[in-house]
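The residues making up each chain are set out below.
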Amino acid sequence: MIQPAAGQSSAWELPEYKERINAFSAGIGKTWERETYISELSYSGLVGSLQWDGWKGAKPDGVMGYGRVHSSVLFGYLKNQLGGGRMLYASVNYYYSRIWSVVHTKCSDLLLGPSAMFKLCGLYDTTDSNNTATGEGYLSMGLCADYICRFNIRNYPLAVQLNMYSPLLGIAPSPNYDQPYWFVYKYNQYTSLIHFAWFGNCFALNGQMNVICPLRGGSIRLGCSIDYLGNKLGGHLTRLMDTCFTIGYVHRLAKKN
Amino acid sequence: MVMKRVRLYLASVLVMTLMFPLIMSCTRTSDDDFAEFVNTPRGNFLALWTIMDRHYCFFDLKQKELGVDWNAVFDKYSVSISEKMTNRALFEVLCSMIGELRDGHVNLYSQYDMGRNWHWKTDYPDNFSKDLQSAYLGDDYVVAGEDIYYRLLPDNIGYVVIRSFLGGVSDSRFNSMFNTLALCNGLIIDVRDNGGGNTMNSDLIAAKFTEERVLTGYSCYKNGPGHNDFSDLEENWLEPDLHNLRWVKPVILLTNRGCFSSTNDFVNIMKNLPNVTVVGDSTGGGGGFPFTSELPNGWVVRFSSAPSFDASKQHIEMGIAPDIRLDMDEEDVKAGIDTYIEYARNLINDQIVNP
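Protein sequence lines, in the order shown, are assigned to chains A and B.
For the first sequence, the positions run 1 to 257 when the working numbering is used.
For the second sequence, the positions run 258 to 612 when the working numbering is used.
It should be emphasised that the hints constitute simulated quantities derived from the structure, not laboratory data.
Glycine included, every Cβ here is placed at the ideal spot set by N, Cα and C.
Some hints could be false.
Here chain B is said to cover these stretches of chain A; the calculated rule only asks that three of the stretch's residues, wherever they fall, bring their Cβ under 8 Å from a Cβ of chain B [what the hints assert, rightly or not]:
#, stretch
1, 33-41
2, 119-131
3, 175-186
Derived pair list, reagent style DSS-like, types lysine-lysine, alpha-carbon separation capped at 30 Å [what the hints assert, rightly or not]:
#, chain 1, residue 1, chain 2, residue 2
4, B, Lys-570, B, Lys-319
5, B, Lys-341, A, Lys-79
6, B, Lys-506, A, Lys-186
7, A, Lys-186, B, Lys-465
8, A, Lys-106, A, Lys-30
9, A, Lys-186, B, Lys-333
10, B, Lys-465, B, Lys-570
11, A, Lys-186, B, Lys-319
This is chain A alone, in the form it adopts within the complex (with noise of 0.2 Å):
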């Protein structure tokens, strides 16, 4: 039976100052897209991911937060309705944050705070064509937002914890309605590719839901993550989106003094 560490009285707790916690995870999901640069039909298949969820401890003084890293590498493989079209996708997210404690209760934490995001997301059809892949990007500043839950089931600790990221203003890559990539190549035109984006124009989401589990000498999680990219940069469509169910397990590092 799965038993929590000695005297382990909560699932998780911050850092304190100096203490990172690392917490590792590896998904399965669905993945839907539409992409009009390459295909008018939405796709849809399978996604693994990666994630890793890292906190850094609080200065006593509270001034600078805690910090707070995101990142994620996800592939797919997806199928149009009729199972005719092929694609490939892969994505890679890294999100930074520094948050505030707002509310700090024995049972809850809620964390506030501005969040740096880099996100590139390329898709590959693998039908013969000019126009046969294509990038999309995003490079912003938004918020995150942790919320911890700390409970008990009968001895047994338990933690959930969601977060959130939403990125509010940026920049983000991506081709010009039927602009080939050749013609980016051969003219030089990487600027025409840098599209200003703020979530009018570009919405992305990332979000979490774990159930932190306390075993000796750590924890497992269990969760689910969302991730979503829309747009309408460039003059088409662009919408991607994520669903995970997540494993892993987190490990909180010694104090360094």
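Please build the complex by placing chain B on the supplied structure of chain A, with the hints as guidance.
Positioned in the frame of chain A, the structure of chain B alone reads:
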């Protein structure tokens, strides 16, 4: 009290952030321009017509040259669509519809056929015999690349056949060819019935025939759904291939209506070079870089989306006229003589006598 208000404010910010997905789902109603079509005969018909309407780049040109009115095309074929028609019948109607554009880069791919209109080629004389070409090449030709062959003709003229621009260009083999033919009086390059390939390959080969940087044309692409939504024109310059041998002696380029796409680009570039004379029939065109999309039933549609222009900013979609117009003589063909090649040989020999 103040802290409580601050927390309330921050909590409301969090709630607003959580509401974003809901807000975004509401804004989906403004995606009319990108609404997906249903997989019915009419849905597929509408999808194809709309994709072409928003992305095809030669509507104005086709209206001017062929009298194609895309809205009238809709009316003409819309009445042929019924919800009970078979897939094959639908395919026929859709192919006929896009066939109105007479564009070799416009195709519809289904599980049983590739829809096309090749009247831009088949309505004209062949001006080409592969048997004759093979006879002139003989058996002892040299392979200078994928689908590139050459030999020395008896009157000290090099004869080069480029059947496709699909394969990569080997600099070492071209250097070897120019070395072998260095003492020739001139070169005949035969690109008849070459349906194209990779434009980068045709550019690489053309760069071996100039000593100077030459403006060869312009390009742009569709940047919006309107028929006249185009990006700014970009100049196309041919840079000499300074790292390899270059051919500066006379070149006769043989063309016919089968020269399409990348070959059309190749002819357009070569025509700007002072040592090159284009002899034969007009090329078949294909001056639009193609893109693809899909219909709700999974059929793939290909269409021209990025037009190319010559150095005087004229479309090359309808073909490029030769410097010297020539037709194959039926009597010559019967006698095993290629009118084009013989004319080119005479032209080079005349240039030697009367430079």
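Hints that the structure is at odds with (numbers, increasing): 8, 9
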